[in-house]
Amino acid sequence: MADRPRDLAERMARRRKAGGKAGHATGDGYLRETFTLPRAAARARAEAFFARYPKAGYMSAVETWRELPGGDIEFTMRRLPSAD
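For the record, in the sequence shown the residue sitting at position 2 is 2 according to the UniProt record's numbering, with numbers rising by one throughout.
Hints are computed from structural coordinates only; laboratory data are not their basis. Worth double-checking, as some hints may not be accurate.
As the list claims (entries may be wrong) - Derived DEER-like restraints, expressed as beta-carbon distance ranges:
hint : residue 1 : residue 2 : range
1    : R4        : A48       : 40 to 50 Å
2    : R11       : R39       : 39 to 49 Å
3    : P81       : D7        : 41 to 51 Å
4    : T64       : A44       : 12 to 22 Å
5    : P5        : P54       : 37 to 47 Å
6    : E47       : R4        : 43 to 53 Å
7    : T34       : L8        : 24 to 34 Å
Claimed, not checked - Below, in silico cross-link-like pairs of lysine to any residue (SDA-like), each with a Cα-Cα straight-line distance of 25 Å or less:
hint : residue 1 : residue 2
8    : K55       : P69
9    : K55       : L31
10   : K55       : R45
11   : K55       : R39
12   : K55       : D28
13   : K55       : T76
14   : K55       : G29
15   : K55       : L37
16   : K55       : R32
17   : K55       : G70
18   : K55       : T34
19   : K55       : T36
20   : K55       : P38
21   : K55       : E67
22   : K55       : R66
23   : K55       : R43
24   : K55       : P81
25   : K55       : S82
Given the structure is predicted, the values throughout are model-derived calculations rather than measurements. Glycine included, each C-beta is placed from N, C-alpha and C at the ideal position.
The whole structure should be built from the sequences, with the hints applied where relevant.
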């Protein structure tokens, strides 16, 4: 028997609540890592991330970023688990 729309919505909500820890896949299949670093170190870390996980192969991206009151940058990098 097919799932009711409500069943599907509840299953999706459970996946979303489970979320993902740093470096673990979430319901959407992406791996995410969050960093808080001084501006220069944040830029170097993002460049190293893209060198290790190229955008074309891993769909890597800076998902979110913000400048904190002390001047540090908090940012989340995301990528697919493999480049198959």
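Q. Hint numbers the structure violates, sorted upward?
A. 3, 8 and 17
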